[in-house]
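Peer 1: Respectively, the protein sequence lines represent chains A and B. So for the first sequence, the working numbering puts the first residue at 815; every next one is plus one. So for the second sequence, the working numbering puts the first residue at 815; every next one is plus one.
Any given hint might turn out to be false.
In this list, chains with the same sequence are indistinguishable; a pair is considered to hold if it fits within one copy or across any two.
Stated by the list, open to error - Pairs of lysine-lysine residues, derived as DSSO-like cross-links and limited to a Cα-Cα distance of at most 30 Å, are as follows:
| hint | residue 1 | residue 2 |
| --- | --- | --- |
| 1 | Lys984 | Lys1059 |
| 2 | Lys1039 | Lys984 |
| 3 | Lys862 | Lys1020 |
| 4 | Lys1003 | Lys874 |
| 5 | Lys974 | Lys1039 |
| 6 | Lys1011 | Lys984 |
| 7 | Lys977 | Lys1008 |
| 8 | Lys1059 | Lys986 |
| 9 | Lys984 | Lys862 |
| 10 | Lys969 | Lys1003 |
| 11 | Lys1058 | Lys974 |
| 12 | Lys984 | Lys913 |
| 13 | Lys1037 | Lys1008 |
| 14 | Lys922 | Lys1032 |
| 15 | Lys921 | Lys1008 |
| 16 | Lys869 | Lys978 |
| 17 | Lys912 | Lys835 |
| 18 | Lys1003 | Lys974 |
| 19 | Lys1037 | Lys986 |
| 20 | Lys1059 | Lys1039 |
| 21 | Lys986 | Lys1032 |
| 22 | Lys1058 | Lys921 |
| 23 | Lys840 | Lys1020 |
Simulated from the structure, these hints should not be mistaken for lab results.
Number of protein chains: 2
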Amino acid sequence: MIGIFDSGLGGLTVAKEILDKLPNYKIIYFGDTARTPYGSKSAETITKYAIENTKFLLNKSAKIIVVACHTVSSVSMPALKSLFPEIPFFEVVTPSFKKALIITKNKKIGLIGTRTTVESGIYNLLFSQADPQIKLYSNPSPLLVPLIEEGWINKPETRKIIKKYLIPLKMKGIDTLILGCTHYPLIKKIIQEKAGKRIKLVDPSKEVAIQVKEFIEKNPNLKEKLDPNGEIEIYVSDITPNFKKIAQLFLNKKINLIKVNLE
Amino acid sequence: MIGIFDSGLGGLTVAKEILDKLPNYKIIYFGDTARTPYGSKSAETITKYAIENTKFLLNKSAKIIVVACHTVSSVSMPALKSLFPEIPFFEVVTPSFKKALIITKNKKIGLIGTRTTVESGIYNLLFSQADPQIKLYSNPSPLLVPLIEEGWINKPETRKIIKKYLIPLKMKGIDTLILGCTHYPLIKKIIQEKAGKRIKLVDPSKEVAIQVKEFIEKNPNLKEKLDPNGEIEIYVSDITPNFKKIAQLFLNKKINLIKVNLE
Chain A
815 MIGIFDSGLG
825 GLTVAKEILD
835 KLPNYKIIYF
845 GDTARTPYGS
855 KSAETITKYA
865 IENTKFLLNK
875 SAKIIVVACH
885 TVSSVSMPAL
895 KSLFPEIPFF
905 EVVTPSFKKA
915 LIITKNKKIG
925 LIGTRTTVES
935 GIYNLLFSQA
945 DPQIKLYSNP
955 SPLLVPLIEE
965 GWINKPETRK
975 IIKKYLIPLK
985 MKGIDTLILG
995 CTHYPLIKKI
1005 IQEKAGKRIK
1015 LVDPSKEVAI
1025 QVKEFIEKNP
1035 NLKEKLDPNG
1045 EIEIYVSDIT
1055 PNFKKIAQLF
1065 LNKKINLIKV
1075 NLE
Chain B
815 MIGIFDSGLG
825 GLTVAKEILD
835 KLPNYKIIYF
845 GDTARTPYGS
855 KSAETITKYA
865 IENTKFLLNK
875 SAKIIVVACH
885 TVSSVSMPAL
895 KSLFPEIPFF
905 EVVTPSFKKA
915 LIITKNKKIG
925 LIGTRTTVES
935 GIYNLLFSQA
945 DPQIKLYSNP
955 SPLLVPLIEE
965 GWINKPETRK
975 IIKKYLIPLK
985 MKGIDTLILG
995 CTHYPLIKKI
1005 IQEKAGKRIK
1015 LVDPSKEVAI
1025 QVKEFIEKNP
1035 NLKEKLDPNG
1045 EIEIYVSDIT
1055 PNFKKIAQLF
1065 LNKKINLIKV
1075 NLE
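Same shape as in the complex, but just chain A (with noise of 0.2 Å):
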């Protein structure tokens, strides 16, 4: 069982790739819907929630945890991997840092995500230690988390706020972007438009999932372990007005949804 969480539904984008990529692997997906959105939290509190997500996901006998949230993966890592030191955690910084190192030629690159992902500091800290040279230039972008979920995806006023958040980046000259929030792949292609075709996009979704698909192609032992049942399970901490058709959304099929409570 391959486990992912998210304060939310943005998350779904992960679990797609990874449904994707490893179609065979039985995954348990929870959302933090009562309590989302994280992204605009204090580091304390998003931790703590984190840490009960990640005790669900274990109690459904997951074998592999997927952070698939940037403000978790931004502040949380250190305490998760020291309270379930055995457990493999996958999060969604790390690979997308990695694979801007790797495009950039003009070595500046941009970055949009919540307030608490961009004021974190986490890829300022990974860009440095691996080159200095790398400049990195952030924007957090709250407003984009509750656009989506709105559904408001293609309206003229998302459009024009998108563009607001890349113009200072664009200003700086960078040619990657990084897409610091897993909802925003929804919107993949107005942000591709405004960036202009010069900046080349990190989707960290792919990023991780193409991890995850090398690390349990390497266990072998691990890979006995994982349920052999491509399919998807759902929990959410509350099934909201609007979730169905927002997850949806994401998945781009129907989907079933079961409500836990962590509390």
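Chain A is already provided as a structure; the job is to place chain B on it using the hints.
Peer 2: This is chain B only, laid out in the frame that chain A set:
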């Protein structure tokens, strides 16, 4: 002690109106910033949180409880009143309904608010019982809370989105508009501008403060139990990076925050 709670910061507009009208009583405010926003969550989850918030305020010696959140006011009052029968509760829906009933001339009333507030149908029920001739036109406006919490109060994107939300209501010829969310008084000027002079706004924060004042003045016993010490103590379930800035925007003065864990 007057207890006030909200999902987050919006209820501070209510606290401010009560402080203005009753400057001699101590207010305890609780904002559930660890789980905000409520407006897109289910009625069941919202009621669970509302009960926890009420217990917190009662433990802090609150003698009356003001529910400064439209979403909770719309879906959780029966549960709160039956669980805490001795406590006088005030909420923001009834006073704004009453005010709208008084000021409408053409009996066409508009309502903007979160998805859960609008879809609860509480205003429809109240108006249809009071006067079957009244037509209520509503439009869920879920992006206004994130825009306000981002401090995008005077940005052109915010003005455009407000205009967009109001168009269908204006086309129905409403003469009264209920601001069905305690965040909205912060953008009242722009709403008035986009609605036009013909439409009168109902500000529930003001209306509930008037109700609370009248109630206290009519109940000398209660008056004695309230701490005659005109100050506000603000508790939150999470101190978020942006919180202090936003809280000051609402209350218009420097404030101290105390973090508490509800769970």
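Peer 1: Failing hints, ascending?
Peer 2: 2, 4, 5, 9, 13, 14, 16, 19, 20, 21, 22
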